[in-house]
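K.L.:
What follows is each chain in one-letter form.
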Amino acid sequence: MLDKNGIAKRIAKEVKDGYYVNLGIGIPTLVANFVREDIEVEFQSENGVLGMGPFPFEGEEDADVINAGKQTITTLPGASFFDSAMSFSMIRGQHVDLTILGAMEVAENGDIANWKIPGKMVKGMGGAMDLVASAENIIVAMMHTNRAGASKLLKTCSLPLTGVGCVKKVVTNLAVIEVTEKGFKLLERAPGVSVDTIKEATEGHLIVEGDIPEMNL
Amino acid sequence: MLDKNGIAKRIAKEVKDGYYVNLGIGIPTLVANFVREDIEVEFQSENGVLGMGPFPFEGEEDADVINAGKQTITTLPGASFFDSAMSFSMIRGQHVDLTILGAMEVAENGDIANWKIPGKMVKGMGGAMDLVASAENIIVAMMHTNRAGASKLLKTCSLPLTGVGCVKKVVTNLAVIEVTEKGFKLLERAPGVSVDTIKEATEGHLIVEGDIPEMNL
Amino acid sequence: MINKKVAGVTEALQGVKDNMTFMFGGFGLSGIPENAIAELVKLNVKGLTCVSNNAGVDDFGLGLLLQQKQIKKMISSYVGENDEFERQMLSGELEVELIPQGTLAERARAAQAGFPAFYTPAGYGTEVAEGKETREFNGKMYVLEHAFDADFGFIKAWKGDAAGNLIFKGTARNFNPNMCGAAKITVAEVEELVPVGELDPNEIHIPGIFVQRIFQGAHYEKRIEQRTVRQRS
Amino acid sequence: MINKKVAGVTEALQGVKDNMTFMFGGFGLSGIPENAIAELVKLNVKGLTCVSNNAGVDDFGLGLLLQQKQIKKMISSYVGENDEFERQMLSGELEVELIPQGTLAERARAAQAGFPAFYTPAGYGTEVAEGKETREFNGKMYVLEHAFDADFGFIKAWKGDAAGNLIFKGTARNFNPNMCGAAKITVAEVEELVPVGELDPNEIHIPGIFVQRIFQGAHYEKRIEQRTVRQRS
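Residue numbers (the working numbering), protein chains in the order written: chain A, 1 to 217; chain B, 1001 to 1217; chain C, 2001 to 2233; chain D, 3001 to 3233.
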């Protein structure tokens, strides 16, 4: 079973040379730490920066240079700043190659819910609805079950949707799952996790074909 | 009766302090020469410049600084360059205060035709359709009649339209005419031109109320 | 050169009234029009509809207007980090319309550019699209969204000149350029008002035609919301 | 940094084929991709559909492709100043679609930004709107126009870097930024390719994400179409 860093590490393997990547807050942010150093990747943040670097050294923070999580950041050589309309042109126009974000629920048809729990304080969708409606390549990073132990990979989402039929892949603490036309297809098991454990933790239709390899992290 | 410079001079009086103005090619271009020097006006050219100045001195032409007529120009302090989409945001978004352009025909309902003569080589509408469809304040500068002596102020346009119901004012070699809901309203006569001469040269419905003053140039 | 310079924030905000709709640039606390917000607090205009990506924090940004209950309705994409906001929202005192961030940016740009409406994929199939027209283009579904219609737009830039030309800095740019010219009156405040002619015409982000009033802000706190640093190794 | 630099124009145009649709930046002869056009003449690809505000003059710009009868269809807003164009158009050899200039710019921008369609007032009530959906918003009529769909976009910028970042100069900017990222492959040529990191991130007009290939043009003539000067007094 993986911890958050483990999930991030596994997702980092999906990041290919030459990719522009948008990382959501939470586990997705950790992915940047595990991307291979021999490939070139640029990180986009929807508040208006391409070519994000690491956090600044203490004393070098600039209030005018932040990411979408409002954290102070730095930029790398080749970086650029732009306005919000152009930022979403990158996203909506499918110039960003990979979007990684968290979710509360994913359905077997690729629906995703990650912005609202009725009755609770709703903070908003931010850029998530634009990202999931536009990206060709969306990976969800999340725990397989919620705190109460209930599956987050469902037949249909119970929470208000963020987007429909858009998730292509889910990486959880238990498994790597591809969202296919026929449902969740199990691709890999987390180290030490059995197929039965994954089946039990998955409410949606899980397709298990042949031997399921353990993740190679 | 006015010549082209006379028409330009009369139209220049319609240019108010603080106006952003787009000038079409032909007579409209001449308007810039007659704008009062004690008011502040900025000229926009739809190929991407605001704050146009006079033509450059010989030897100072820059292939990268032209107007929409492809002429070499200069810029004044406070000028800016921008892309075509933003240029038409200025026009379509009604940030440009006054548009002055030529026409082949104007109808009494404000329709304008100035881009196409069927059977002849058609060069295109350029930015004219965007300008006439967007501007709140459009003045047409033209001769009252064509070379064959036929009126260019018509009941309905015979040529393919550039825009519908958009012209507010027409300044010709004979008169200043306001386009109202009831038709062409005669506002001023060119020096030495009688109301009858104007009536004769106007095919559309001409409204003549009270004494018609001579233009004060 | 058409002069847009006004003496200061008081003159810049002439005409603001109760029940108006305002647009505010800024993302989080970065690039927000600090001086205009402070003046709105002083003027204590009420019943406002505010379009802003975020709603500030309790004691800064639009949070200051919330404290005085000046805001009737917020149109935002993300409104966390603000206890007073949460209290007013849950109690029903404050009306909140949450919209996708890209839709917010483009509704501003559409108003700037004279487009009444546009089709965007964001929100299709979600409650954001409820009651809205949807339509298929090339096998994909889109939602029809409309341009904003606001009375004032409050913009913060880095440098500007009396002609209204603006240059933004870093990610403080965000929604600011898209909101210029999107409201009936655009009020720009800048950290530095430079002499006309000093800005390179090639480097201007927003030409002065989109700005009605400009002034140099008296003071900028530029508060950092999430100070995140790494250790020197 | 993702490297977009290619050796030169030959590598930059890999993949161009007969019957493709191309977009070209430039207004008149200003800001046109001179090197890409020269290479297209050399490759002699035929049956092209070309989106470009203008069609060059007889012996420069897209006029060079017309001379070789490489163009099947032009989509432009203004096509004067070109005798061969006129001859081919009047003889029916060349198909011409004339569209309003602002519509041309926005159809490019829509493709760049992932908008399938938009409503614009330009052309309403004229033959440009024939066969197109029209619609009223707030008492005014608009025409539905669609994003372009092109195979290659040929862009000319002033400076650029290997990351694909671009800065334009003067009115040579025109349609170039709006066409970046609007075609499947955007090929940018620049007068000067500078080392990565040299361009101020704040001054970049087009971020490299919209560009697939970049090279420094071997030579620029930058011909002036209407040399207009005033006398020194």
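Each hint should be verified, as a subset may be incorrect.
If you want the ones that stay clear, here's a sample from chain D, every Cβ over 12 Å from chain B, calculated [stated by the list, open to error]:
hint, residue
1, GLU3039
2, GLU3093
3, ASN3202
4, ARG3223
Label pairs and their in silico Cβ distance ranges [said to hold, decoys possible]:
hint, chain 1, residue 1, chain 2, residue 2, range
5, C, MET2141, B, ASN1137, 33 to 41 Å
6, C, GLY2080, A, ASN5, 22 to 30 Å
7, D, ASP3083, B, LYS1013, 37 to 45 Å
8, C, ARG2087, A, ASN5, 34 to 42 Å
I should point out that these hints are in silico values taken from the structure, not numbers from a laboratory.
Even glycine gets a Cβ: it sits at the ideal position worked out from N, Cα and C.
K.L.:
With reference to the structure, classify each hint as holding or not holding.
P.N.:
Taking the hints in turn, this is what the structure says about them:
no.	hint	result
1	GLU3039	holds (21 Å)
2	GLU3093	holds (14 Å)
3	ASN3202	holds (16 Å)
4	ARG3223	violated (7 Å)
5	C:MET2141 - B:ASN1137: 33 to 41 Å	holds (40 Å)
6	C:GLY2080 - A:ASN5: 22 to 30 Å	holds (24 Å)
7	D:ASP3083 - B:LYS1013: 37 to 45 Å	holds (40 Å)
8	C:ARG2087 - A:ASN5: 34 to 42 Å	holds (36 Å)
In summary, the structure is inconsistent with hint 4 from the numbered list given earlier, while agreeing with all the others.
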